Each structure stands twice: as C-alpha cells, then as structure tokens.
Amino acid sequence: MKSEHTVLAAEALLQDSPATTPRVPHAVLQGVTRKFGKAGSVFHALGPIDLTLYQGEFFSVVGPSGCGKSTLLDTLSGLASPSDGTVQFENREVKGVPDGVGVVFQEDASFPWLNVRDNISFTLRMRGMEGAEIKRRVDYALAFMGLKDFATAYPAQLSGGMRQRVCIARTLVQQPRLILLDEPFGALDQQTRLLMGDELLRLWRETGATVLLITHALDEAAMLSDRVGVMSSRPGLFIDIVETGWPRDRDSRVVSTPRFGEVNARLWERLRVESLKVMGASHG
Amino acid sequence: MAEASSAHTAASPARRSAHQLDGLVRIAVVIVLIGLVELLCRSGLIQPTTMIAPSAMARHAWEILREGKFDKDIAISLANIGAATVLAVILGFICGLLLHALPGLRSAIEPLLASYYAVPTFIFYPVFIVLFGVGSAPIIAIAVLLAIVTMITATLNGLDRIPRALHKTARVLRLTPWQSAVLVKLPAALPYLFTGVKLVVAYAFIGVIASEFILSGSGIGYAIGYAYNNFENNDMYALMFLVLASVTLVNLLLNALDRRLQARLRR
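Taken in order, these protein sequences are the chains called A and B. Quick note on the working numbering: the first sequence kicks off at 5 and runs consecutively. Quick note on the working numbering: the second sequence kicks off at 538 and runs consecutively.
Hints were generated in silico from the structure; no laboratory data involved. All values derive from a computational prediction rather than experimental measurement. Think of the CB as a built atom: it goes at the ideal place given N, C-alpha and C, for glycine as much as any other residue. It is possible that part of the hints are untrue.
[Said to hold, decoys possible] Calculated cross-link-like contacts (lysine to aspartate or glutamate; reagent style DMTMM-like; alpha-carbon spacing at most 25 Å):
no., chain 1, residue 1, chain 2, residue 2
1, B, LYS705, A, GLU94
2, B, LYS705, A, ASP153
3, B, LYS705, A, ASP112
4, A, LYS152, A, GLU203
5, B, LYS722, A, ASP122
6, B, LYS705, A, ASP103
[Claimed, not checked] Derived coverage of chain B by chain A (criterion: at least 3 residues anywhere in the stretch with Cβ under 8 Å from a Cβ of chain A; other residues may be distant):
no., region
7, 627-634
8, 711-722
[To be verified] If you anchor each label on the Cβ, the simulated ranges turn out as follows:
no., chain 1, residue 1, chain 2, residue 2, range
9, A, GLY265, B, TRP715, 47 to 55 Å
10, A, GLY135, B, HIS704, 26 to 34 Å
11, A, GLU273, B, TRP715, 46 to 54 Å
12, B, ALA800, A, THR90, 42 to 50 Å
13, A, ASP193, B, ILE571, 50 to 58 Å
14, A, ASP153, B, ALA595, 22 to 30 Å
15, A, ASP153, B, GLU647, 28 to 36 Å
Next up, chain A with everything else stripped away, as it sits in the complex (with noise of 0.2 Å):
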C-alpha cells in the first residue's frame, strides 16, 4: 500500500513544474518504410511511419513483439536505410550514422578486453580527441553513472546492469544530441530498471538531448516518457501517441500518481489488440 505521503510528494512533483517540452523539430521520419527480400517474397517490417522528434523530448516508442520498433531505431540512427520514405536528423538527410547520435543497444555492447574507464574513453579517443578533455569528459561520466569505484574494472567482473550503465556512459561522453536506447533495461531485473529509470531522467535532463526509447515495458514508457507511440503489429505502424503531461523535473515517484494509471491503462487499451492479434497469428 502507498503511503499518503509519497502521493503527496509526487502529485505535488506534478504541479510545481509543468510540462515545457519545446517543439522544434529535431528528428523527422516521412513516410518511411522497412521491407525486406525480393520481388514475389517481400517482408513489409515496418511503416509507413510518419513521426517528428522534437527538441529535447522524451519519446518512448511500444508495441507488440515484432511489429518493427528495432527496426524503426535502426531506420533512425542510419544503421539501416528506409525502403521507402526519408528520415531527417536536425535538417539534414540520415545516410549513415549521423554526428551527434548515440545508441544503447538491449545486448551488452561495453567491450570485454578494456576496462570501464577504456571503454567509456574509447570514442574519444579514436577521434584523436586532447587528453585533458577525454579524462574530463571520463570522469564526469564514471561519476554521473556511479562507476567511480569501477574505473579499473574489466566488464566480466561486473553485473549485467553495471555493464549497460558503461555503454550508457560511453553514448553520454561523446555528448550525443539524439539518443536512441533499445530496450536497454530490457535483461535487468525490475528494481535496477525502475533505478536506471530515474538515472535515464537524470541524464535526459542534465544533457537536453533529445531520446527515444524502444521498451516493451508499458510502465518504462509511461514513467520515462513526454510521449508515448503505440505501434500496431506488423507492419508497425503508430497507432497512437500519448502525451504523458509529465514535468520536465521528474523521477520514478511518478508512479504513485493517478495520471501514470491513466496513462498506462491507455496505452494497454491500444496495446491489447494489437498484442491479440500477434498471439492470434502465432497461434493459427
């Protein structure tokens, strides 16, 4: 049972900063489309997706296993290039990962042979970047993500979130202005996920960069999240964005809000049906 007083704490979160998310175009996908194989076999992944990040918002994007949201994040980041469609990153046409993003993958991505302060500096350091500014920039990011004590350990002497807060840190140093997380809590247990959750807030805060998060976890998207796209089962498609309403000085308190279960309800309402149909499918 919650107590009145963490209710409290968070409607009262609510009310004294409301929601000022600037809307300045920042990521633009137009009519984007995923299709995989040739003529006579094609697989349509994903779209057409029409869908504007904008300036420094908090976008999560749901939806039912395999209907695309990977694929969207890999549309996105230039990793992979639409079928159909163009996706835009601050004016300009994505071919190739662009400047100024930075992605978090589900799997661990920190390398095993360097430690937690070589990895993190790994990026900086091939970019040929001054030393004063790579241990700068190194240890704001040990400190901020509480890698401090690990700086000299190596991945397989830490846990599984320890590791995803490595690769976080190296997206983080290189100061990325979009960053794009693939259900990065996806493989940690639910505690360390609500926790990383509020650090995620932190940095989204702290480096006005503007997120997208890829979840199944309904409420991830629903706590994290200035808007919320539900997408269909394949081809994914958005069916739905929800604004949260949430102050941008946020943290995982917000749960103990009405609002999150409204939010949340809505989201499985939307969610529901599409979930329904892929099971249908893999059933029949």
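Please arrange chain B on chain A, whose structure you already have, making use of the hints.
Chain B only, in chain A's frame:
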C-alpha cells in the same frame, strides 16, 4: 547503486576449487601411469631392449642437453616448428578473413574444410621435395598444410561469434572499416583465434617431427629414427622424452595464457 555492491564478481570459490581438483586428478593420473611404466621396466617385465624406465629417459635426456649431443637437431626442429606455426597462423588467419568476407566462396569451400583431415597430408611429401628440394622447406610446408585448416576454422568461428551488438556499436561509433576490424572485431574474436593458435602449435610439432623421420637428414625426428635404426635405445627414448616434455611445457604455457584471456574476455 544497489547492484554496485554485487559487482566485481570474480570466479566463484566453488568453481575455482573444482578446477583445482580437476588439475590434481589429472596430474595424479599421469604420475600413476609413469609410475606403472617405471615399475614394469624395473621389474624386468619390460626388457631394456624394448623400453627403458622413465627415470632413465629423464636422466639421459638431461645428459643429452648437458653434453649438447643433439643441440643442432633440436635447434633445427624448433626453428622448423616456429616457422610452420607462424606461417600457418598468418596464412590461416588471412584465408579465414577472406572466406568470411566472401560468403559465396565460403559455402563452396566449407565442406572441403570439414573433410580436410581425412586427407593424409604426408602423401604430398614427394610433391614438396620436387617443389622445395631437400631441407627444411618441404618439412615446414607439410607442417603448414597440416596446421593451416585449424587456423582457418578458428578464424571463421571467431568472426562468426562476434556479438551482433559489437558490429552495430562499431558502426554507431562511426569507426572506419580498418578501425572496426583491428580495434573491435580482432579483439572480440581473439579467444577463438587463440584456440586456433594452440592447435596450430600442436599440429606443427606433429608435422615437423613426423616429416623429419622420412624427409630429413637432421632434426629431432631424424635423430630418433637414426637411434631406432641403430638400436640406441637410450638416445631414442631420451629424445622422445624431450619432445613430450617440450610439447607439455608449451601446452601448459598456452593453456595458462588461454585461461587468462578467456577470464578477461568472457561476456
């Protein structure tokens, strides 16, 4: 940071002691077998004309090393083994890279690789004599031929097993193809490549020593054959003992390196 305290997890003590127990059992089995042969030799059940006792082998081996009787042969064999190892590792790695980059060629070649060890490589020795003449070159060629496929297979295996997330990460970090190959793919595949190197060393020993029996006028293999033909049991068994000791030592070193590598690179 609740999870931070649970981090820094080294190998569990239970697992470590199980490994130690395995090692002790292994050593005990070897000691018992050697002891048994020693007993059979000393009791006269095995005649000295057939086999000398392991302790005598060790003593003679030490004398051979001290007197330098076979120094030249030992040096030639070790040089051949070294050359064969280096060539097989480099050529095997390059072939593996090429096959990995050309999936069409790979699917055509892979069945041949799988059945490669059904071919008795030594039948090619007349061809190598014709090609390279008498000396170290045909011996090294046979050893390379014997060892190279294991390195090709290890390279393919290593490259196949690089996690997809690392491939994607290399692209997201906007590395050049060269940076991606050297700084991400190579270290990620290293544990598998090292397994290949270990096998290459073993095959290089086999290829060189066996070839020296039939192809050469020098080397440890030749010296063992010569001693056998002249009923010099002490020399023959001492040299065999030296080969076994060298292989064991090299394997111990490589295994220790491998364990360190695997511990660091495991995901």
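Original post:
Of the numbered hints stated previously, which ones are contradicted by the structure, given in increasing order?
Top reply: 2, 7, 14, 15
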